[in-house]
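Protein sequences appear in the order of chains W and L. For the first sequence, the working numbering assigns the number 1 to the initial residue and increments by one for each residue that follows. For the second sequence, the working numbering assigns the number 1 to the initial residue and increments by one for each residue that follows.
Take the hints with a grain of salt, since some may be wrong.
What the hints assert, rightly or not - Partner residues are not named here, just some residues of chain W that face chain L (Cβ under 8 Å, in silico): (1) 73; (2) 74; (3) 77; (4) 99; (5) 100; (6) 142; (7) 189; (8) 225.
Hints are computed from structural coordinates only; laboratory data are not their basis. Because the structure is a prediction, the values reported are computed rather than measured. For glycine and all other residues, C-beta sits at the position ideal for the given N, C-alpha and C.
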Amino acid sequence: MEILRCENLTKIYGEGNIRTHALKSLSFSVEKGEFVSIVGPSGSGKSTLLHILGGVDKPTAGKVFIDGTEIHGLKEDKLAIFRRRQIGLIYQFYNLLPMLDVDENIGLPHLLDGRKLDRERLDNIVEHMGLVERRRHLPGQLSGGQQQRVSIARALYNRPAILLADEPTGNLDRSTGAEIVSLLKEANRTWKQTLLLITHDENIALQADRMLCIEDGEITRDERIRSLGGDE
Amino acid sequence: MRNIVYKVTWKNMKMNMRRTWTSFFGIFFMVLLITCVFVGRKTAVGYLENVSSQIKGKWHATMYDMTEKEYETLGGESYIKEMGRSADKGYVEFPQSANDQKPYLFIKSYEAPCFDWMNIHVREGRLPGKKGEIVISQSALDDGAKISIGDTVKAEYFDRTVTGLQKGVTTVFPFQQIELAGGETEKLSQDFPFYENNESFRIDKEYTGMKDNLTVVGIVDEPWFEQEGAAGYLAFTCYDAERDGIFNIACLFDLENEHYDMYQNIREIAGSREVAFNDYVLAFSGRSSDSVVNFMVQLMTIFFMVLIVLAAIVLIYNVFNISFEERSRYLGMLCSVGATGKQKRSSVYFEAFSLFLPALPLGILAGCLVVLLGMNLLLPFIYSFMSGLAVLPEKVPVHLSISAWDILIIAFSGGLTVLLSAILPAVKISRIGPIECIRGNLDKNPGRLKEGAKSSMSLSAEKMLAKNSLRYQRRKTRGMRRAASIFMLILIVTTATTQILTQLITIRMQDSDIVNVKSEGWDYQLSVFNGNAGEEYEKLKEEIKNDVGVEAVREEYSGTFVGNVPRDVMGKEYWNALHRVFNLYYHRELSDEEFQGMFEEGTNVVSVIGVDDETFENIAEATDTDQKLLESGTPTAIVVNSGEVSTANWVVSEKEPEKYEFHEIEHMTDLGKGEKLPMTIYSPKEEKQVDFPLLVAGYGSKEQLEKYYTFHSESLWVIVELDTCEKMNQIMAEDGNEESGSMMEPTLYMKMNGKKTGLIKRLNALTEADEMHYIFARADRVKTISDTLCSMIRILLLCFVLLTSVICLLNLYNSIHGWIAEQKPHFAMLVSVGATQEQIRRMLMYETLQIFLGSCVSTLLIVTPLILAVRYLLIDQFGAVRIGFPWLVYAAAIFITVIVIFGFMLYHYHREKDYRLQFTG
Ligand SMILES: Nc1ncnc2c1ncn2[C@@H]1O[C@H](COP(=O)(O)OP(=O)(O)O)[C@@H](O)[C@H]1O
Ligand SMILES: [Mg+2]
Numbered sequence: 001m002e003i004l005r006c007e008n009l010t011k012i013y014g015e016g017n018i019r020t021h022a023l024k025s026l027s028f029s030v031e032k033g034e035f036v037s038i039v040g041p042s043g044s045g046k047s048t049l050l051h052i053l054g055g056v057d058k059p060t061a062g063k064v065f066i067d068g069t070e071i072h073g074l075k076e077d078k079l080a081i082f083r084r085r086q087i088g089l090i091y092q093f094y095n096l097l098p099m100l101d102v103d104e105n106i107g108l109p110h111l112l113d114g115r116k117l118d119r120e121r122l123d124n125i126v127e128h129m130g131l132v133e134r135r136r137h138l139p140g141q142l143s144g145g146q147q148q149r150v151s152i153a154r155a156l157y158n159r160p161a162i163l164l165a166d167e168p169t170g171n172l173d174r175s176t177g178a179e180i181v182s183l184l185k186e187a188n189r190t191w192k193q194t195l196l197l198i199t200h201d202e203n204i205a206l207q208a209d210r211m212l213c214i215e216d217g218e219i220t221r222d223e224r225i226r227s228l229g230g231d232e
Numbered sequence: 001m002r003n004i005v006y007k008v009t010w011k012n013m014k015m016n017m018r019r020t021w022t023s024f025f026g027i028f029f030m031v032l033l034i035t036c037v038f039v040g041r042k043t044a045v046g047y048l049e050n051v052s053s054q055i056k057g058k059w060h061a062t063m064y065d066m067t068e069k070e071y072e073t074l075g076g077e078s079y080i081k082e083m084g085r086s087a088d089k090g091y092v093e094f095p096q097s098a099n100d101q102k103p104y105l106f107i108k109s110y111e112a113p114c115f116d117w118m119n120i121h122v123r124e125g126r127l128p129g130k131k132g133e134i135v136i137s138q139s140a141l142d143d144g145a146k147i148s149i150g151d152t153v154k155a156e157y158f159d160r161t162v163t164g165l166q167k168g169v170t171t172v173f174p175f176q177q178i179e180l181a182g183g184e185t186e187k188l189s190q191d192f193p194f195y196e197n198n199e200s201f202r203i204d205k206e207y208t209g210m211k212d213n214l215t216v217v218g219i220v221d222e223p224w225f226e227q228e229g230a231a232g233y234l235a236f237t238c239y240d241a242e243r244d245g246i247f248n249i250a251c252l253f254d255l256e257n258e259h260y261d262m263y264q265n266i267r268e269i270a271g272s273r274e275v276a277f278n279d280y281v282l283a284f285s286g287r288s289s290d291s292v293v294n295f296m297v298q299l300m301t302i303f304f305m306v307l308i309v310l311a312a313i314v315l316i317y318n319v320f321n322i323s324f325e326e327r328s329r330y331l332g333m334l335c336s337v338g339a340t341g342k343q344k345r346s347s348v349y350f351e352a353f354s355l356f357l358p359a360l361p362l363g364i365l366a367g368c369l370v371v372l373l374g375m376n377l378l379l380p381f382i383y384s385f386m387s388g389l390a391v392l393p394e395k396v397p398v399h400l401s402i403s404a405w406d407i408l409i410i411a412f413s414g415g416l417t418v419l420l421s422a423i424l425p426a427v428k429i430s431r432i433g434p435i436e437c438i439r440g441n442l443d444k445n446p447g448r449l450k451e452g453a454k455s456s457m458s459l460s461a462e463k464m465l466a467k468n469s470l471r472y473q474r475r476k477t478r479g480m481r482r483a484a485s486i487f488m489l490i491l492i493v494t495t496a497t498t499q500i501l502t503q504l505i506t507i508r509m510q511d512s513d514i515v516n517v518k519s520e521g522w523d524y525q526l527s528v529f530n531g532n533a534g535e536e537y538e539k540l541k542e543e544i545k546n547d548v549g550v551e552a553v554r555e556e557y558s559g560t561f562v563g564n565v566p567r568d569v570m571g572k573e574y575w576n577a578l579h580r581v582f583n584l585y586y587h588r589e590l591s592d593e594e595f596q597g598m599f600e601e602g603t604n605v606v607s608v609i610g611v612d613d614e615t616f617e618n619i620a621e622a623t624d625t626d627q628k629l630l631e632s633g634t635p636t637a638i639v640v641n642s643g644e645v646s647t648a649n650w651v652v653s654e655k656e657p658e659k660y661e662f663h664e665i666e667h668m669t670d671l672g673k674g675e676k677l678p679m680t681i682y683s684p685k686e687e688k689q690v691d692f693p694l695l696v697a698g699y700g701s702k703e704q705l706e707k708y709y710t711f712h713s714e715s716l717w718v719i720v721e722l723d724t725c726e727k728m729n730q731i732m733a734e735d736g737n738e739e740s741g742s743m744m745e746p747t748l749y750m751k752m753n754g755k756k757t758g759l760i761k762r763l764n765a766l767t768e769a770d771e772m773h774y775i776f777a778r779a780d781r782v783k784t785i786s787d788t789l790c791s792m793i794r795i796l797l798l799c800f801v802l803l804t805s806v807i808c809l810l811n812l813y814n815s816i817h818g819w820i821a822e823q824k825p826h827f828a829m830l831v832s833v834g835a836t837q838e839q840i841r842r843m844l845m846y847e848t849l850q851i852f853l854g855s856c857v858s859t860l861l862i863v864t865p866l867i868l869a870v871r872y873l874l875i876d877q878f879g880a881v882r883i884g885f886p887w888l889v890y891a892a893a894i895f896i897t898v899i900v901i902f903g904f905m906l907y908h909y910h911r912e913k914d915y916r917l918q919f920t921g
C-alpha cells in the first residue's frame with residue numbers, strides 16, 4: 001500500500017542571482033512500512049526534500065500525498081494537526097524545546113493535540129530509550145545521544161505513520177549512532193512505521209529496504225536493497 | 001582598529017544593523033530627552049521671563065521715594081545683584097507736539113540699567129549718555145510731532161495739580177482714582193489727561209524751579225506704561241542727583257543663591273514707603289515671593305529629571321540585555337581562545353560609547369529642535385495663560401537658550417547614564433565562561449533538575465509551554481517586565497502627581513474663589529470691590545459702554561454674606577455635616593444638645609447673586625424652578641441647594657481639627673417651593689436688620705448651574721434679578737453716602753469688537769494702581785498665578801508623559817521584539833511537531849499575561865509607596881486636605897499597558913512568521 005507519493009517536487013530558494021534550484025521536479029513513492037535511506041552529497045537538497053515531505057516547508061511546485069491527502073493543499077492549521085498525528089521529524093540537532101524536561105518534550109505532540117498522556121506508554125518508551133534517570137532533566141543537561149533519543153522517543157510516542165529523520169546520527173559517535181539507528185529500525189519493524197532516513201553513513205544506508213540517491217536536486221539512483229517484509 | 005575585541009564587536013555591530021540602530025536610537029533619544037530637560041527648562045523659563053518681563057519689565061523689586069541712606073544700605077545686601085535709580089523730573093512744555101490734547105513731555109530720569117529693565121527700546125539714535133540728553137517716545141512722532149534727533153527742547157520743569165472748585169461737590173476721575181472735594185488740591189500723575197478747566201475743577205502748573213536745555217539723541221518705542229490719554233508724551237534722560245535727593249530704586253536679585261529673608265529685609269528697609277515686587281518675572285525663576293509657587297517649580301524640576309534618567313537607564317540597559325545572548329556567543333568564542341574578562345567587558349563599553357559618540361551631538365541637535373518645535377506648539381497656550389495674568393503688549397518670539405556649560409552637563413549626564421546602563425551587562429558578560437556561551441545555557445541556573453517539582457503535564461499544552469518557557473527564560477523576559485513596569489510607573493506617577501498637584505492648587509484657590517462665574521463669550525471682566533460701586537463706578541461704566549471698542553456690556557451683582565436667615569432655614573443635611581465637622585474640632589462626639597447649644601443665638605448668612613433678566617430666565621429654565629412663582633410680583637429667588645462643609649471652610653477658633661473632612665451637601669435648606677425665605681438685611685439708615693423676604697421660586701443644584709457658576713461654598717446662595725439687587729442696595733446704602741461696605745458689588749463683562757482703543761490699557765492700569773478696588777482681567781480665566789501654574793503643570797506633564805512614553809514604548813517594542821526573536825527556533829520546533837499557529841499564539845498570550853501580571857505587581861509595589869510619599873509631602877506642605885487615592889489612574893495605566901503589550905506581542909509574532917524556514921542548522 002502506498003503511503004507517500006510526491007509528484008514533480010520543485011523547490012527554488014531566493015531570486016535572481018542567488019537563486020538556488022534545490023529540488024528539480026522530483027517524483028517517487030514509498031510503501032507503507034518501508035524503510036528508505038536517502039543519500040547524497042552535501043547541498044544536494046536532501047534536507048529540503050524532507051522538510052517538504054514533513055510539511056514544514058512548502059514546495060515551489062509539485063504535490064505531496066500522504067495516505068492519499070495532498071498535504072500542501074491543506075490549510076495551515078489542518079496541516080499542523082496532520083503533522084502532529086502522522087509525522088515524526090528527527091533532526092541532526094536535536095530539535096528539543098530547551099525549557100521542557102524530557103517527559104514534556106516527549107509528550108509534546110500528544111499534548112498539543114489536546115489529549116491526556118498515556119502514562120504507561122510514556123513510562124515504557126522512556127524506559128526503552130534508557131532515559132529513566134533523566135526524565136526531569138532539561139535538554140541542556142543531556143548528552144547529544146540522550147537528546148537524540150528524546151527526539152526519537154517523541155517521534156515514536158504518538159506512533160506517527162511516517163518517521164522523517166535528517167542525519168540523526170551525524171553528530172554522534174559511531175556506537176551511539178548505531179544505537180539510534182537500531183531504535184529507529186525497531187520502530188519501523190514493530191509498529192510498521194514508514195521510515196525515511198537521510199544519512200552520510202553507507203553502513204546505515206545499506207540497512208534500509210531501499211536507497212534513494214539525490215544529486216543536485218535530482219534522484220540519480222533508486223535502489224531496492226531488500227524486498228518489503230523480507231528478513232535482513 | 002588594533003584591538004581585536006573592538007574589531008570583533010564592531011563587525012558584530014555591523015552584522016546586526018537592526019539591533020545596532022535600536023541601541024543607537026535608544027541612546028540618541030536619551031540624549032535628546034536630557035537636552036529637552038536642560039535646554040527646554042532654560043528656554044521655557046527664559047521665554048516666560050521674557051514674556052513676563054514684557055508685562056512690567058525685567059526688574060525684580062522697586063522701592064519708591066528712597067534716599068541716599070537706603071541706597072547705601074541696600075547696596076551692602078548680599079541678595080542684591082544690581083541696582084538702578086530713577087526719578088520723575090516732571091512735565092515740560094512741548095511746543096513741537098501736533099496733538100493739542102498732549103502739549104507736554106513728561107520727563108523721567110533713569111540710570112543706565114533701568115532702560116533695559118523697563119523695556120525701553122531704542123528705535124532710532126541712541127540712549128541718553130549724559131546730562132541734558134533725552135530720548136522721546138515714538139508715540140509723539142506717531143501723532144505728528146515736529147521733532148527729530150538733534151533738536152532741542154527748552155525745559156522748565158513743572159508739576160500739575162488739580163483743585164476742586166465747588167464747595168460740597170466731589171469731582172471724580174475714575175481712571176485716576178481721584179476724588180476731589182471742593183477746595184482740595186492733588187498732584188497729578190504722569191497718566192493724567194489734558195483737561196480744559198471748568199467750573200468744577202482747575203488744573204495748575206507748579207514750576208519746580210529746575211531748568212534744562214535738552215537735546216534729543218534718540219527715539220524709543222512707545223513704552224509699555226505710556227498711557228494714550230495722558231497729557232504728556234514720555235521722555236527719558238540720564239539720572240543725576242535728583243531734586244530733594246529722593247528717587248526710586250529698582251534692583252535685580254541674585255537668584256542663583258538662596259536668600260530666605262530678602263523680601264522681608266527689603267520691606268524693612270523701605271519702612272512705610274511703597275515697595276513693588278515683580279512677581280511675574282520672579283515666579284518663573286522659582287523665586288516668587290509666594291513660597292508655594294517656589295516649592296512647585298522646584299518640585300517639578302526634580303521630578304522631571306529623576307523620571308527621565310530612570311526611563312533612559314532602563315531603556316539602554318534593556319537594549320544591551322537584549323543583545324546579551326548573541327554577544328555572549330561571539331565573546332564566548334573569543335574567550336575560548338583566551339580573551340580575559342576585562343576584554344569582554346570592554347566590548348560592551350566599546351559598543352555603548354561608539355554609539356554614544358555620534359548620538360551625543362545628534363541628540364543635542366534634535367533635542368534643541370524638539371524644544372523649539374514644542375515651545376512654538378505650546379506658544380498659544382503659554383501665551384493665553386500669561387494673558388490670564390495681565391494683558392500682554394505683543395507676541396514674543398522663542399529664543400533657544402543653550403550654553404557650552406549646558407552641553408557639558410548634557411554630555412556628562414548622558415555619558416554617566418550610558419555607563420550606568422552598561423555596567424551591569426558588562427559585568428555579567430565577563431562572568432560567563434565559554435561553555436555556557438556556546439551551549440546556550442546562559443542562565444547560571446537554568447531552572448531546575450525537575451526532581452520534586454510538580455510536572456505541569458496536567459495543564460493544557462499551551463499553558464504547560466508558557467509556564468515552562470517563562471521559568472526557563474526568566475532572564476530574557478525580565479527586560480520586558482522592566483519595560484512594562486517603567487511605562488506604567490511613569491504613566492501612574494505623572495498622572496497621579498498632576499492630579500494631586502492641580503487638586504491641591506484648586507483647593508487652595510477655593511479660599512478666595514467661592515463662586516466662579518463661567519463667562520464664555522465675554523472678553524474682559526471688571527470687578528469692583530469694597531463698596532466702590534458709587535458714582536465713580538457709574539461714570540466708569542458709562543465710559544466703558546460708550547467706548548468704540550466695546551461691543552456689549554453685561555452687569556452682574558454679587559454680595560457675600562449680605563443677608564441673614566434664622567438658623568432653622570438651613571436643612572437637616574447641613575446641620576448633620578456641620579455636627580461632624582465640630583466633632584472633629586472638639587475631638588469627641590458632641591451630643592445633639594451640646595452641638596445645638598453652640599448655635600442657640602444668631603442667624604445664618606445668605607449670599608446673593610443678581611443677574612440680568614435674560615440670564616435669570618435661562619437659569620430658571622436650567623433649574624427646577626416654578627415659572628408661575630416667578631411672575632408673582634414679589635422678589636423671588638432661585639436657591640442654590642448645593643454646598644460644601646469641611647474642616648477647611650469651617651474654622652472653630654483656637655481649635656485644630658483631628659483631620660480634614662469634606663461633606664458635599666445636596667440640600668442646603670429644606671424649604672419648599674413657594675415658601676418664603678425669611679431673609680433680613682442690614683439698613684444703616686435705620687441701624688437695624690430689616691425684613692427682605694424672598695419667595696423661593698425654585699432650586700438649582702451645582703450640576704444644573706454648572707454652565708453659569710461653580711459653587712464651593714458653605715453658606716446659602718440665592719440668585720435674584722437685578723431689580724431685587726437694586727432694592728436691596730437701596731436699603732443697605734448708608735445715608736447720604738451710597739458707598740457702604742455691605743452693599744452688593746458689580747462685575748462688568750465686556751465683549752470687544754476688535755477696534756483698537758486705549759481702554760484695555762487704561763483699565764489694566766486701574767487695577768495695577770489700586771488692586772483693592774478694581775480687578776480687570778480677561779474673562780475666560782481665573783487670574784491667579786496659581787491657576788496659571790496649574791494649567792502649565794498639566795501641559796508640561798502631558799508633554800513629559802508623551803516624550804517619556806516614546807522611550808518607554810520604544811523600550812517595550814524592543815524588548816518584546818527581542819523576546820519573540822529569541823523564541824523563533826522554539827516556534828520552528830513547535831511547528832515541526834505539529835503545533836498550530838493558534839496554539840503558539842495562545843502560548844504567547846499566556847506568557848505575555850504572566851509577564852504583564854508580574855510587572856503589574858512590581859509596579860504597584862514601587863509606585864504605591866512613591867505616591868503615598870508624594871501625597872504625604874504635599875499634604876505636609878498644604879495642610880490637612882483629603883486627596884483621593886488615584887485608583888482610576890492605576891486602572892487607566894494598566895489598561896493602556898495591556899493594550900500596548902499585547903499589541904506589540906501580536907505584531908512581532910506575525911512579523912516573525914517566516915520562522916519555518918529557519919530551523920535547519
Ligand atoms: N533557506 C534557504 N535559503 C536559500 N537557499 C537554501 C536554503 N536552504 C537550503 N538552501 C540551499 O538549497 C540547497 C539544498 O540544501 P539542503 O537541502 O540543505 O541540502 P542537503 O541537506 O542535501 O545538504 C543548498 O544549495 C542550499 O544552499
Ligand atoms: Mg542537510
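Holds or violated: is the Cβ of residue 225(W) closer than 8 Å to a Cβ in chain L?
-> violated, 28 Å
Minimum beta-carbon distance criterion (8 Å), residue 142(W) to chain L | violated, 11 Å
Please verify that hint: residue 100(W), Cβ, nearest Cβ of chain L, below 8 Å or not.
-> holds, 5 Å
Does the nearest C-beta of chain L fall within a distance shorter than 8 Å of the C-beta of residue 77(W)?
-> holds, 4 Å
Would the hint on residue 99(W) stand, with a C-beta cut-off of 8 Å toward chain L?
-> holds, 3 Å
Is the shortest C-beta separation between residue 189(W) and chain L less than 8 Å?
-> violated, 23 Å
With chain L as the partner, please determine if residue 73(W) meets the hint condition of a C-beta pair closer than 8 Å.
-> violated, 17 Å
Verify the interface restraint on residue 74(W): the C-beta must sit less than 8 Å from at least one C-beta of chain L.
-> Violated: closest Cβ of chain L sits about 11 Å from residue 74(W), beyond 8 Å.
In summary, the numbered hints that this structure violates are 1, 2, 6, 7, 8.
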